[in-house]
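Number of protein chains: 2
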Amino acid sequence: MGDALISIIPDMKRRTVQAFVDKAQSLDRPLLEKRLKPLSLVHVAKDENGNAIVTEREDIERMPDKLLRKGDRVCMDFGDHYVGHVTLKLDSAGSPQDAPAFLRLKFAEIPGELLDDSSTYEGWISKGWIQEEFIHIDALPCELKLPRRYAFRYVEVLAIDTSAKFQVVVQDAELTAVSAVSLEDAEPIQNLPEDLQRIDRASLKTLQDCMQHVFEDGPKRDRRLWIGDLRLQAKANYATFRNMDLVKRCMYLFAGLIRDDGKIGACLFTEPVMQVDDTFLFDYSLFFISILYDYYQETKDLDIVKELWPTAFRQIELALDDMEDGVPKTENPMMAFIDWKDGLDRQAAAHAVWIYCLRQGEVLAGLAGDEKGENQVHSLLSDAIEKAVSCFWDEEKGFFVSGESRQISWSSQAWMVLADVWDREKSRTLMLHLLEENPEVGVSTPYAYHHVIEALLHVGEKDKALELLRTYWGGMIKLGADTFWEAFDPEDPNASPYGSSQVNSFCHAWSCTPAWLFREYFSTM
Amino acid sequence: MGDALISIIPDMKRRTVQAFVDKAQSLDRPLLEKRLKPLSLVHVAKDENGNAIVTEREDIERMPDKLLRKGDRVCMDFGDHYVGHVTLKLDSAGSPQDAPAFLRLKFAEIPGELLDDSSTYEGWISKGWIQEEFIHIDALPCELKLPRRYAFRYVEVLAIDTSAKFQVVVQDAELTAVSAVSLEDAEPIQNLPEDLQRIDRASLKTLQDCMQHVFEDGPKRDRRLWIGDLRLQAKANYATFRNMDLVKRCMYLFAGLIRDDGKIGACLFTEPVMQVDDTFLFDYSLFFISILYDYYQETKDLDIVKELWPTAFRQIELALDDMEDGVPKTENPMMAFIDWKDGLDRQAAAHAVWIYCLRQGEVLAGLAGDEKGENQVHSLLSDAIEKAVSCFWDEEKGFFVSGESRQISWSSQAWMVLADVWDREKSRTLMLHLLEENPEVGVSTPYAYHHVIEALLHVGEKDKALELLRTYWGGMIKLGADTFWEAFDPEDPNASPYGSSQVNSFCHAWSCTPAWLFREYFSTM
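Residue numbers (this note's numbering), protein chains in the order written: chain E, 1 to 525; chain U, 1001 to 1525.
Hints should not be assumed to be uniformly reliable.
List of simulated lysine-lysine pairs, DSS-like, C-alpha gap at most 30 Å [unchecked claim]:
#	chain 1	residue 1	chain 2	residue 2
1	U	1165	E	165
2	E	70	U	1372
3	E	89	U	1165
4	U	1070	E	341
5	U	1165	E	263
6	U	1013	E	13
7	U	1372	E	145
8	E	145	U	1306
9	E	341	U	1013
10	U	1145	E	89
11	U	1013	E	66
12	E	145	U	1464
DEER-style ranges, computed between Cβ atoms [unchecked claim]:
#	chain 1	residue 1	chain 2	residue 2	range
13	U	1089	E	19	28 to 36 Å
14	E	36	U	1174	35 to 43 Å
15	U	1072	E	297	44 to 52 Å
16	U	1089	E	26	48 to 56 Å
Don't read these hints as lab results, they were simulated from the structure. Every residue gets a Cβ at the ideal spot worked out from N, C-alpha and C, and that includes glycine.
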């Protein structure tokens, strides 16, 4: 288990900036809907390596012939990952239905979830995330319109019990898939090799399925707007779907739903009421600056910079509360997120994020005409760069070190490179040194892998970046991924930040970035 | 486990007599609705005898203060048994709800069901009968309007999982109780001793809760119209609620939904389509005659006798297919129902039911002006009485015996007495002999107990009848019954005809008869 991120602030005071929330609401659009049918029936089992795979396929036309007695099941394959609402047409066969049919429905993003046994779940986040329903049907035939939204490719119907007299038949199933965008909206990319095309397709699908009424982190879990994910999603969206309104809506939501002192939360809820969560992360609050900066680079919309700069600047002021002697405090090991990596010391990387965002903040202050702010940010930035070297650089080891234990991690190096603490050449040397030395504290999520790869691209190491991307994202493709996962450890297919992979999200926003990196760095391949 | 009653007739041909079905439909009335709130919170545990009882009670006003974390529960007591639809008002407490709440709801007619563990259920009828739901709630607060109807007094809400950040709160609950009748409609009865008043109240409640769009056997299970139950319900209804239309509707349904040769089924379904089940029982088909006879005695409605006599007469003709040499065949031990009693030989009792119904049939034939039919029935009746003596009476033992094993059972004696095979005095001697000898093959359901008690009353043994009624129905009251049960063995509180008491019905039509017997035989106490 990684470090648990559970923040509870009793009686936290919230503030709503109604003008921003109203703007966010006016940018909400109806989702695009697509009606789909299952393509085949599948059987899933473990292969010789212990990986769950589809072992048999049957024509979907045969589904109504399957008469489900107690313990029988059918599993439908919709052919790709989708997010949406399912309606089943159920019937009975045999003698009249003399008892309620008792069914279990499983919705699975990957085949492995079909083999999971939820009764054994002992993770530390809610079991409620497992996409499984237990349903009594009093009278068949019926149309079972499920009220909840699911993220899945496979739907299994198990007859927990019928009676000796009747069997359950799944006549038909229909999915209404929803997203803010259509795959056809994405900028195509030419001349990619076959394996990268597959990675690109899965990246696009991941991003598409996470784009709903907000940018969600994962449509299975947590189904909500996290600012760390949003930053990467927005960047990938600029390179692909270019749905600018959705980014703008999410920025207004974060700016409109804040802690009473103006602090932006790590995530927020839109259902049943809009409110900011009581989770705050040093890096995540600062990323508001970064998102606004990136949005400006794409749109040159100066009005929104002027409108939201004060909110962004406030994050810089408040970040200082979490710093001491010019560097992030260390008493709370989860003060910044950075990665789920077990035992990661986050101080150095958090400091690098601070520099990264200050650089962008200085530009925004200039654009907004806030001379005083610009000077303040400039001064903080100079001090921060100086501290990065004096407090975190270990000349002898040739690495940035973090915390009292002077930990050498991949994330610390990657973020210091992205923060341009050294010039490009020295950063390049650092990244090559990192690959060569391969310090023990590596990265454990696509989110952190992305920052390592982005750092390699930042210093011009395209080949090394591509190699890592191929190994990591390609590793998921090799395991049958249609969309990219929240967590993937090539050494351990059951890795989970939550104590059980049953609640892992297998379509997770922060892993959609290859689609952006391909278009930005590899479009001429 | 008793003898399993599972009849499956592949490709059974059904016939609909539309005119009868139309009449039945025109007699369908909207149910009476009553809105109710839970009265208290309860805790249930086993007492020193292993019986589940309410051990603690709390003010219902405290319910919203209970913050349900993972594994916590609240149990509401509605103060009496009801049938209806439940709406829960749910909320969350603590930090924002960051995961779906996963709840289990249990609806219990008696406290014992709250302690049952459905995962251990291994009975031979569907697990789907257990009144339990597993529900995910994505967004709290919400009003959870449950779509199914339940029969219960207690509702337990268990938080299977929430998250570390939030708790579930049950703010409020509302029940819309439904029935075709109101308790206030029942003829009151004066001067009953306290203990019998309690039995009378529970009998009325049982009958009320089984009176829905049809007379149901049990509102928990099977929730449908069985003719054996209907016969007793109609009699109890004449003495109490006097809802004549509901009886008439049910007679028309049985007459209108038949096997293609005219045979009336043991039960029928009204949802989602009206159809007769493929279960046929010798005694149950004949009871159509008895129900029509009783209805005429109450209403003097000669038109319906003339209209339905041909259907009734057809049951006599078809019963002959199940007879050989003038007595019921024995190859199918469940050809007639009689009782769930383990190992019961049903032949003698079935023969007695044949006589019982022929007597009533002869009267109906006369009323209908069917001289030919009257003669036929008369001749069958003479032969049947003669056979009752020659084939089933054992002069030496002083009992009716049944089957090749010449089994002596309570049910055989009771039904032969009700069939007036002997005159009243000889029948009285037989019943006293039965009580004295107490043969091993007794009775195991309130249905069969009723016929023993009715036989005692039939021969004038009111004190003995009342003693038995007090012991048996009073035994359920002592165990806390609000309504009377489908199965009750004073020696074994977990007795079930289905291999597990979890699917037993604890409000079962066939046990409602004390309300009728009190009014018919004990109204001057």
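**Study point:** Hints violated by the structure (numbers, ascending)
**Key:** 1, 2, 3, 6, 7, 8, 9, 12 and 16
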